[in-house]
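Colleague: Sequence:
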Amino acid sequence: MPKTLADLTVGEVAIIDSFEVEQLPMKLIEMGCLPGNEVGLLQLAPQGDPLYLNVSGAHLAIRRETAACINVRKLNE
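Under the numbering used here, the first residue of the sequence shown carries the number 1, and numbering increases by one thereafter.
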């Protein structure tokens, strides 16, 4: 079962493998959410949604529902 961005815990870093193009807003693609880019989970909002990320040096927040559409591979795997 592939891991998604929503499965990461705070402090973990991963590489984006793939995503559902139809379900990912174009703005995220423009901000660097592309296969091969490094992404790290910086923190979670108090109730776990949204997620605050570092994507290749850019900081952004996305909803957990959107994060579940982005498949990742942890760097230590």
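Honestly, the hints are just simulated from the structure, not real lab data. Glycine included, every Cβ here is placed at the ideal spot set by N, Cα and C. A couple of the hints might just be wrong.
What the hints assert, rightly or not - Below, a list of computed lysine to aspartate or glutamate pairs in the DMTMM-like style, where the Cα atoms sit at most 20 Å apart: (1) K3 with E38; (2) K74 with E38; (3) K3 with E22; (4) K74 with E12; (5) K74 with D17; (6) K27 with E65; (7) K3 with E65; (8) K3 with D17; (9) K27 with D17; (10) K3 with E20; (11) K74 with E22; (12) K27 with E12; (13) K74 with D7; (14) K74 with E20; (15) K27 with E38.
As the list claims (entries may be wrong) - Here are the simulated distance ranges between beta carbons: (16) E22 with P46: 15 to 23 Å; (17) P46 with S18: 16 to 24 Å; (18) V13 with R64: 24 to 32 Å.
Colleague: Tell me, in ascending order, the numbers of any earlier hints that this structure violates.
Modeller: The structure conflicts with hints 11, 12, 16, 17 and 18, although it agrees with all the remaining ones.
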